[in-house]
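Student: Start from the sequences, fold in the hints, and give me the full structure.
Quick mapping for you: the protein sequence lines, in order, are chains U and B. Its first residue numbered 1, the first sequence is counted upward by one per residue in this note's numbering. Its first residue numbered 392, the second sequence is counted upward by one per residue in this note's numbering.
Careful, some of the hints might be misleading.
[Unchecked claim] Far from chain B by the CB rule (all over 10 Å, computed), these chain U residues:
| no. | residue |
| --- | --- |
| 1 | Y12 |
| 2 | E166 |
| 3 | T169 |
| 4 | R172 |
| 5 | D186 |
| 6 | P305 |
[Stated by the list, open to error] Where chain B lies over chain U, by a calculated footprint (3+ residues, C-beta under 8 Å):
| no. | stretch |
| --- | --- |
| 7 | 64-77 |
| 8 | 137-146 |
| 9 | 150-156 |
| 10 | 367-373 |
No wet-lab data here; the hints were simulated from the structure. Keep in mind that this is a model prediction, so the values were computed, not measured. Backbone N, C-alpha and C fix where the C-beta goes; we use that ideal spot for every residue, glycine too.
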Amino acid sequence: MTAVTDRQKLSYIAQQAADARINVELETEGMTLNLGPQHPATHGTLRIVARLDGEQVVSADPVMGYMHRGYEKLAEVRTYAQITTLVNRIDWLGSFANEVPFILAAERLMGVEAPPRAKWIRTLLFEMARVANIGLFLGEMGLQVGAVTPAFYAFRDREFVLNQIEAVTGGRFHPNFDRIGGIKDDLPKGWIEETKAVMVKMRDFCDEMEDLLLGSEIFAARCRGIGVIPPDVALQYGLSGANLRASGIDWDLRRDGNHGLLAYDELDFKVWTHPDGDSFARFWVRLQEVREATKLVDQLCDGMPSGSIQAKVPRIIKVPAGEAFVSTENPLGEMGYYVISTGDLVPFRVKIRSASFNNVSITPWLLRGVYVPDIITILGSLYFILGDIDR
Amino acid sequence: MLALHLAYWQETILRLVIGLAALLGLTGAVVYLYLFKFVSFMQSRLGPMEAGPYGSLQLLAEVGKWLQKEDVFTERADRFVFAASPFVVILSTFLLFVVVPAGPTDEVAHMSNSLLYALAVSAISVIGILMAGWASANKYALLGGLRAAGQLVAYELPMVLAVIGVVISAGSLNLQHIVAAQSTGHVFGWSGIGNPYILTQFTGFLIFLIAMQAELTQTPFDMPVAESELVAGYMVEYTGIRFLVYFIAEFATAIGFSAIAATLFLGGWGLPASWGIGHEAMHVVGPIVISAKTVLLTGVVFWVRFSFPRFREDQLQRLAWKFLIPLALGNIVVTACLKVAF
Numbered sequence: 001m002t003a004v005t006d007r008q009k010l011s012y013i014a015q016q017a018a019d020a021r022i023n024v025e026l027e028t029e030g031m032t033l034n035l036g037p038q039h040p041a042t043h044g045t046l047r048i049v050a051r052l053d054g055e056q057v058v059s060a061d062p063v064m065g066y067m068h069r070g071y072e073k074l075a076e077v078r079t080y081a082q083i084t085t086l087v088n089r090i091d092w093l094g095s096f097a098n099e100v101p102f103i104l105a106a107e108r109l110m111g112v113e114a115p116p117r118a119k120w121i122r123t124l125l126f127e128m129a130r131v132a133n134i135g136l137f138l139g140e141m142g143l144q145v146g147a148v149t150p151a152f153y154a155f156r157d158r159e160f161v162l163n164q165i166e167a168v169t170g171g172r173f174h175p176n177f178d179r180i181g182g183i184k185d186d187l188p189k190g191w192i193e194e195t196k197a198v199m200v201k202m203r204d205f206c207d208e209m210e211d212l213l214l215g216s217e218i219f220a221a222r223c224r225g226i227g228v229i230p231p232d233v234a235l236q237y238g239l240s241g242a243n244l245r246a247s248g249i250d251w252d253l254r255r256d257g258n259h260g261l262l263a264y265d266e267l268d269f270k271v272w273t274h275p276d277g278d279s280f281a282r283f284w285v286r287l288q289e290v291r292e293a294t295k296l297v298d299q300l301c302d303g304m305p306s307g308s309i310q311a312k313v314p315r316i317i318k319v320p321a322g323e324a325f326v327s328t329e330n331p332l333g334e335m336g337y338y339v340i341s342t343g344d345l346v347p348f349r350v351k352i353r354s355a356s357f358n359n360v361s362i363t364p365w366l367l368r369g370v371y372v373p374d375i376i377t378i379l380g381s382l383y384f385i386l387g388d389i390d391r
Numbered sequence: 392m393l394a395l396h397l398a399y400w401q402e403t404i405l406r407l408v409i410g411l412a413a414l415l416g417l418t419g420a421v422v423y424l425y426l427f428k429f430v431s432f433m434q435s436r437l438g439p440m441e442a443g444p445y446g447s448l449q450l451l452a453e454v455g456k457w458l459q460k461e462d463v464f465t466e467r468a469d470r471f472v473f474a475a476s477p478f479v480v481i482l483s484t485f486l487l488f489v490v491v492p493a494g495p496t497d498e499v500a501h502m503s504n505s506l507l508y509a510l511a512v513s514a515i516s517v518i519g520i521l522m523a524g525w526a527s528a529n530k531y532a533l534l535g536g537l538r539a540a541g542q543l544v545a546y547e548l549p550m551v552l553a554v555i556g557v558v559i560s561a562g563s564l565n566l567q568h569i570v571a572a573q574s575t576g577h578v579f580g581w582s583g584i585g586n587p588y589i590l591t592q593f594t595g596f597l598i599f600l601i602a603m604q605a606e607l608t609q610t611p612f613d614m615p616v617a618e619s620e621l622v623a624g625y626m627v628e629y630t631g632i633r634f635l636v637y638f639i640a641e642f643a644t645a646i647g648f649s650a651i652a653a654t655l656f657l658g659g660w661g662l663p664a665s666w667g668i669g670h671e672a673m674h675v676v677g678p679i680v681i682s683a684k685t686v687l688l689t690g691v692v693f694w695v696r697f698s699f700p701r702f703r704e705d706q707l708q709r710l711a712w713k714f715l716i717p718l719a720l721g722n723i724v725v726t727a728c729l730k731v732a733f
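Tutor: See the structure below:
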């Protein structure tokens with residue numbers, strides 16, 4: 001199931017050969033450790049079956065599907081307007097971001113384009129979902145390596161972002177706010193100023209995380225050089241998002257794709273990469289991404305165009321026959337919807353490409369030869385959401 | 392002091408009861424003060440607020456909850472060993488506590504080499520933890536138990552070596568003598584604050600604190616119970632009253648070690664002799680002084696615990712063997728040289 005790869009595997013074989021003589025005399029029995037499906041470190045129901053030799057992992061396999069909810073099948077019996085409610089629950093920490101690529105795909109099939117203000121508000125909420133989602137990761141990563149306190153700070157400050165999202169959409173977690181051809185409502189009065197104040201808070205939070213975790217020698221000792229993904233391997237396994245950028249590959253769909261679909265073309269932002277590819281790099285890249293996202297929110301608040309928020313669409317939406325694939329740079333990585341329509345009220349087939357599934361599928365390759373505590377560091381730094389793996 | 396003449400057995404029982412009450416009372420106070428409130432404020436939350444005024448009776452509620460929980464055994468557990476292990480661990484704590492002096496004669500058991508005894512009995516808990524790890528018939532518990540064994544054995548050594556500096560300075564293995572030496576000592580001829588060994592043995596104090604943190608298996612040395620990796624390590628199968636005993640043991644041991652550290656480095660129950668407080672009065676003042684110092688040091692334990700990430704097992708061993716032990720040995724050599732020179 002794993003690709004035959006290179007240096008790590010070869011070194012493993014060499015090590016086994018070198019140990020062979022000792023092993024003949026001191027034969028030790030391996031142990032199979034079953035991490036999950038109920039395990040505090042997998043935030044959800046991912047199961048990792050690890051063969052251990054002492055504390056060293058000989059092989060590890062992720063077992064997915066404990067939370068499979070059949071969204072692709074459910075989408076086939078729902079109208080396009082109803083599907084946003086479903087897909088909200090895929091990556092439940094950055095819910096709004098799940099709706100956007102689906103709506104964009106439907107719009108592409110219908111040949112509708114949202115007015116500029118709708119696009120900007122979409123992008124705004126998209127970036128706020130990113131701040132809420134990855135902001136929580138920053139604290140969670142501390143929890144995975146044993147520091148309890150950062151997680152509380154993350155939950156505390158994420159609440160401010162969720163409050164702002166709630167003020168617009170009415171839902172903290174599941175906004176269900178995106179509509180074909182626009183968005184449901186306009187921004188409330190005074191919201192822009194409040195949001196900019198919250199973004200200042202989130203930047204402070206990033207500084208705090210930098211002090212607490214990046215500045216800690218123990219954190220560096222736990223994360224530096226742990227779970228190194230070389231760029232070519234990252235590409236082979238189809239990683240995306242911060243996991244890919246932490247391996248030094250400069251690829252971000254906000255900048256490199258979807259021209260004209262969202263407001264990113266008119267914004268000024270930097271895509272952060274890190275050459276190391278280890279857990280530390282993944283944390284670092286995400287930290288920078290939260291900072292960059294808060295700045296993006298500021299820009300979006302400042303430059304918000306006026307005008308309509310809804311393009312003209314028929315009252316009963318029937319999508320013309322055809323196929324469309326749209327993917328966006330979601331908080332967890334590239335998320336795409338392949339929608340096939342036969343001209344009906346409901347889609348014929350929806351295929352969801354979610355980032356976490358690919359990000360987790362590298363674990364058998366990555367976990368070989370590491371120690372048990374490193375499993376948790378690596379899983380934490382790969383950052384997946386179970387709903388995003390199992391759909 | 393008291394105009395009572397008790398038989399030896401009566402006196403011993405009285406001392407035991409008072410000692411036990413002091414230990415449990417202090418443990419409760421520390422759990423409320425640090426685990427519930429101090430940490431809550433660190434983590435920008437309120438902590439328990441409902442049970443009792445300002446949540447102060449929360450611990451009673453928790454104890455009540457644990458007491459009524461079902462006593463669960465794993466199917467393949469070694470029942471006797473599994474059941475006995477928490478009590479072995481807490482026994483180690485109680486045995487440690489009996490020699491901590493709280494006043495001129497106020498200790499549960501008089502011993503001439505009480506420091507040696509304290510360091511010896513504090514190691515008993517390893518056996519209890521290994522018992523728990525093995526008897527639980529759980530892989531997480533086994534990993535946790537083995538990690539704990541390796542860790543506690545590794546950190547016993549720097550701890551003992553750090554203490555030797557104090558022993559050389561005081562010239563005694565008796566905790567009472569060490570307290571007296573700090574109380575009557577002087578710093579460069581000035582006896583205003585006596586000579587608490589934290590001044591002359593600061594390296595030893597730091598090593599002792601680090602080793603103490605590891606012995607208590609608190610973060611950053613909490614791999615045996617690492618909740619994000621091993622769920623709860625060797626405690627994973629325990630519920631109800633046995634978990635409660637483990638819980639008490641964890642914090643009571645923190646108190647016990649802090650009390651030993653306070654006695655060795657902060658002057659224990661003693662106040663500087665130059666302050667001229669009478670011998671009789673110290674029976675009353677002494678327990679307050681040692682309790683305050685102990686609670687203060689326990690605060691450091693919890694402060695560190697909730698501030699830092701966790702080491703990995705091999706990094707922890709490296710810290711002990713390659714850094715702390717050489718440092719402690721160097722400390723002994725320097726202390727011995729200075730002792731001879733002055």
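Student: State for each hint whether it applies.
Tutor: Here's how the hints hold up against the structure:
no., hint, in the structure
1, Y12, "18 Å, holds"
2, E166, "21 Å, holds"
3, T169, "26 Å, holds"
4, R172, "19 Å, holds"
5, D186, "34 Å, holds"
6, P305, "38 Å, holds"
7, 64-77, "violated (count 0)"
8, 137-146, "holds (count 5)"
9, 150-156, "holds (count 3)"
10, 367-373, "holds (count 3)"
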